[in-house]
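Student: Residue numbers (this note's numbering), protein chains in the order written: chain A, 1 to 243; chain B, 1 to 95; chain C, 1 to 200.
Rather than coming from a laboratory, the hints here were simulated on the basis of the structure.
Given the structure is predicted, the values throughout are model-derived calculations rather than measurements.
The C-beta atom is built at its ideal place from N, Cα and C for all residues, glycine as well.
Keep in mind that the hints are not guaranteed to be accurate.
Among the chain C residues that face chain A by a calculated CB cut under 7 Å, a handful are [what the hints assert, rightly or not]:
#1 Ile-3
#2 Ser-5
#3 Arg-6
#4 Gly-10
#5 Arg-11
With beta-carbon atoms standing in for the labels, derived distance ranges [to be verified]:
#6 A:Asp-87 / C:Leu-25: 32 to 38 Å
#7 B:Arg-72 / C:Glu-144: 25 to 31 Å
#8 A:Arg-89 / C:Gly-86: 48 to 54 Å
#9 C:Glu-144 / B:Arg-74: 40 to 46 Å
#10 C:Arg-58 / B:Arg-74: 38 to 44 Å
#11 B:Thr-89 / A:Gly-225: 52 to 58 Å
#12 C:Lys-128 / B:Ser-86: 48 to 54 Å
#13 B:Arg-72 / A:Pro-177: 51 to 57 Å
#14 C:Gly-86 / A:Arg-182: 44 to 50 Å
#15 A:Ala-158 / C:His-145: 36 to 42 Å
#16 C:Glu-70 / A:Arg-89: 38 to 44 Å
#17 A:Arg-182 / C:Trp-191: 53 to 59 Å
#18 B:Arg-72 / C:Leu-25: 20 to 26 Å
#19 A:Pro-183 / B:Lys-20: 45 to 51 Å
Partial list, derived from the structure: chain B residues whose beta carbon lies under 8 Å from chain C [what the hints assert, rightly or not]:
#20 Cys-51
#21 Pro-52
#22 Val-64
#23 Asp-78
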Amino acid sequence: MWRVGTVVALHNETATARTITLEVRDWPGHVAGQHVDVRVTAPDGYSAVRSYSLASAPNPEGRVQITVERLPKGEVSPYLTQEVVVDDRLEVRGPIGGWFVWRTQQTEPIQLIAGGSGIVPLMAMIRSRASAGGVAPFRLLYSAREPGAIFYRNELQAFSDHEHSVSLTYAYTRSAPKDWPRPPSRIDAALIANATWPSNLVPTCYVCGPTSFVESAAGLLSACGNSPDKIRTERFGPTGDRQ
Amino acid sequence: MTSDTHDYLDGNAAAGELSKIFTMDVTVAEGQCAHCGATKRFAEAHLYMQCPGVVARCAVCEHVLLRLVSVRQRVFLDVRGMTYLSLDTQLQDSI
Amino acid sequence: MGIISRGFSGRRSTADVKLPPGQYLTTDFPVLSAGPTPQVPLDQWEFTIDDGTNVLRRWNWKSFRDLPTETVLVDLHCVTRWSKLGTSWEGVSLDTMLADLKTDASYTLFRSYGDYTTNLPVKDLRNKQAWVVFRFEGKDLAPEHGGPARLLVPHLYLWKSAKWVRGMTLMHHDNPGFWENLGYHIYGDPWREQRYSGDE
Numbered sequence: 001m002w003r004v005g006t007v008v009a010l011h012n013e014t015a016t017a018r019t020i021t022l023e024v025r026d027w028p029g030h031v032a033g034q035h036v037d038v039r040v041t042a043p044d045g046y047s048a049v050r051s052y053s054l055a056s057a058p059n060p061e062g063r064v065q066i067t068v069e070r071l072p073k074g075e076v077s078p079y080l081t082q083e084v085v086v087d088d089r090l091e092v093r094g095p096i097g098g099w100f101v102w103r104t105q106q107t108e109p110i111q112l113i114a115g116g117s118g119i120v121p122l123m124a125m126i127r128s129r130a131s132a133g134g135v136a137p138f139r140l141l142y143s144a145r146e147p148g149a150i151f152y153r154n155e156l157q158a159f160s161d162h163e164h165s166v167s168l169t170y171a172y173t174r175s176a177p178k179d180w181p182r183p184p185s186r187i188d189a190a191l192i193a194n195a196t197w198p199s200n201l202v203p204t205c206y207v208c209g210p211t212s213f214v215e216s217a218a219g220l221l222s223a224c225g226n227s228p229d230k231i232r233t234e235r236f237g238p239t240g241d242r243q
Numbered sequence: 001m002t003s004d005t006h007d008y009l010d011g012n013a014a015a016g017e018l019s020k021i022f023t024m025d026v027t028v029a030e031g032q033c034a035h036c037g038a039t040k041r042f043a044e045a046h047l048y049m050q051c052p053g054v055v056a057r058c059a060v061c062e063h064v065l066l067r068l069v070s071v072r073q074r075v076f077l078d079v080r081g082m083t084y085l086s087l088d089t090q091l092q093d094s095i
Numbered sequence: 001m002g003i004i005s006r007g008f009s010g011r012r013s014t015a016d017v018k019l020p021p022g023q024y025l026t027t028d029f030p031v032l033s034a035g036p037t038p039q040v041p042l043d044q045w046e047f048t049i050d051d052g053t054n055v056l057r058r059w060n061w062k063s064f065r066d067l068p069t070e071t072v073l074v075d076l077h078c079v080t081r082w083s084k085l086g087t088s089w090e091g092v093s094l095d096t097m098l099a100d101l102k103t104d105a106s107y108t109l110f111r112s113y114g115d116y117t118t119n120l121p122v123k124d125l126r127n128k129q130a131w132v133v134f135r136f137e138g139k140d141l142a143p144e145h146g147g148p149a150r151l152l153v154p155h156l157y158l159w160k161s162a163k164w165v166r167g168m169t170l171m172h173h174d175n176p177g178f179w180e181n182l183g184y185h186i187y188g189d190p191w192r193e194q195r196y197s198g199d200e
């Protein structure tokens, strides 16, 4: 059940988030949207387990990526974002989850809505589509506190500029760039109306982020005509002690 | 009894723990709440995981669907809150 | 046991504080919950004592607040390993609430708004060992920490200090509550590290 993953690369996404690339022995492959459980064990045998979405597209090399946000009072995230170095080993269980997934065979319009670190599994979907040469229409609405909190900015820009583009909208909740057309605020009905697929196109929607964000976004999608069975959600939150 | 505080996750968060017992993907499993009869995917259940165990509650009525405690060499499972749980033996789900 | 992760130590305590085995010290107050926070309007709040058949005592919020209270300073030990020392609570002692109650029951099951339950021997409620508390650190007890009122039994693991209490049922047998029937110890003494069923 637990496989050993060796850290082969580290990349800082923001001041507090880091992508860890792991080479996992006997990795069975995964589908975009799935996650892994990561287990770390102290010398006295005490271990902690946390879930992280896979950020990488499926690939044949047995390499997977997770992007970890450092929580100020976290027990595991400070270790993963600040202590871990190349050649360290972590245990992973997975891939996990078959509901919140996007498969390359899907051709319908896809609406992705990310709140903060909820971008991670949605990025796996975008990367998966790209590596399969897919052309399914994708739109991403990515809400974050401020521009410095955005993961994968350059890559998202490239996908947005690409021929079969991923249409990209950022929304900021605490502070926005100078001259940003929308004042910092949470997503609302107006933003959903402007930046997401009209519901009569019957998109499949994926919403990921903290629970309150997901409830709000899913409610807004539902209110403009998307049926609940076309809205898939994944809620992020602490699974260790809530401090 | 209602709550405005969003202190729960969803069935995706518990799937790793549940894989100790379920060999098939539990997130796509359909379950019926024994209290209110609502039928939903397990991924949509409200999961409370910051306590001494895992507690899955019906998203509609909040009654307990399933509880799991994993301590030392033992796993305890209580599924009295579900009338049934139905898992697809084919690996692909339809979208 | 998993492979050791170089450089990971988990939460640790300084050595100069005496804690029950396996605990670490925290200055935060973690919120652990098995369900949504109940919203209980005070004009509907009740605490009852029953014996399974008859209601023996009943208080509403007003009559409960008319009872004599005391302020206590206690240490909290949670089975998830954190300990918080020197916490201040105001509440009504179970000695007061059980005064003049004649019963030959040896055990109780505390019931909460929501569906939480926990069982305790009656003798662990007497002699200044247990309170129904409604103020923490000088302020009204917040809902996320069990407000309007919770049980406080600091000599046992904190899962026994049921949040959002609404009553207790006297029993002749030690019937397990919410966590006790799913792998947790029936009694729960942190100093003997009685976390799980089967622990001595």
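Student: Now look at each hint and say whether the structure bears it out.
Tutor: For each hint, the structure was consulted:
With a least beta-carbon distance of about 6 Å to chain A, the hint placing Ile-3 (chain C) at the interface is held under the 7 Å criterion. This hint holds: Ser-5 (chain C) has a C-beta 4 Å from the nearest C-beta of chain A, less than the 7 Å allowed. A hinted interface residue such as Arg-6 (chain C) counts as satisfied when its beta carbon comes closer than 7 Å to some beta carbon of chain A; here the least separation is about 6 Å, so the hint holds. The criterion of a C-beta within 7 Å of any C-beta in chain A is met by Gly-10 (chain C), whose closest approach is roughly 5 Å, and the hint holds.
The beta carbon of Arg-11 (chain C) comes within 6 Å of a beta carbon in chain A, closer than 7 Å, and the hint placing it at the interface holds. Checking the proposed 32 to 38 Å range against Asp-87 (chain A) and Leu-25 (chain C) shows it holds: the Cβ atoms sit about 33 Å from each other. Between Arg-72 (chain B) and Glu-144 (chain C) the Cβ separation comes to about 29 Å, which falls inside the hinted range of 25 to 31 Å. Range check, Arg-89 (chain A) to Gly-86 (chain C): about 40 Å between beta-carbon atoms, so the 48 to 54 Å window is missed.
One distance hint, 40 to 46 Å for the beta-carbon pair Glu-144 (chain C) and Arg-74 (chain B), is violated here, with the actual separation near 30 Å. Taking the beta carbon of each, Arg-58 (chain C) and Arg-74 (chain B) are about 40 Å apart, inside 38 to 44 Å as hinted. Taken as a hint, the range 52 to 58 Å is violated for the pair Thr-89 (chain B) and Gly-225 (chain A), whose Cβ atoms sit roughly 34 Å apart. One distance hint, 48 to 54 Å for the beta-carbon pair Lys-128 (chain C) and Ser-86 (chain B), holds here, with the actual separation near 53 Å.
At roughly 52 Å, the beta-carbon separation of Arg-72 (chain B) and Pro-177 (chain A) lies within the given 51 to 57 Å, and the hint holds. A beta carbon spacing of about 48 Å between Gly-86 (chain C) and Arg-182 (chain A) agrees with the range 44 to 50 Å that was offered as a hint. Between Ala-158 (chain A) and His-145 (chain C), the C-beta spacing of about 48 Å breaks the proposed range 36 to 42 Å. In this structure the supplied range 38 to 44 Å is violated for Glu-70 (chain C) paired with Arg-89 (chain A), their Cβ-Cβ distance being about 54 Å.
Between Arg-182 (chain A) and Trp-191 (chain C) the Cβ separation comes to about 57 Å, which falls inside the hinted range of 53 to 59 Å. Against the hinted window of 20 to 26 Å, the Cβ-Cβ separation of Arg-72 (chain B) and Leu-25 (chain C) comes to about 24 Å, which satisfies the hint. Separation of Pro-183 (chain A) from Lys-20 (chain B) is about 48 Å and conforms to the stated range, judged on CB atoms against 45 to 51 Å. At a threshold of 8 Å, the smallest CB-CB gap from Cys-51 (chain B) to chain C is about 5 Å, leaving the interface hint in force.
The beta carbon of Pro-52 (chain B) comes within 5 Å of a beta carbon in chain C, closer than 8 Å, and the hint placing it at the interface holds. The beta carbon of Val-64 (chain B) is positioned within 8 Å of a beta carbon in chain C (closest approach about 7 Å), and the interface hint is therefore held. Hint status for Asp-78 (chain B): holds, given a least beta-carbon distance of 6 Å to chain C, under 8 Å.
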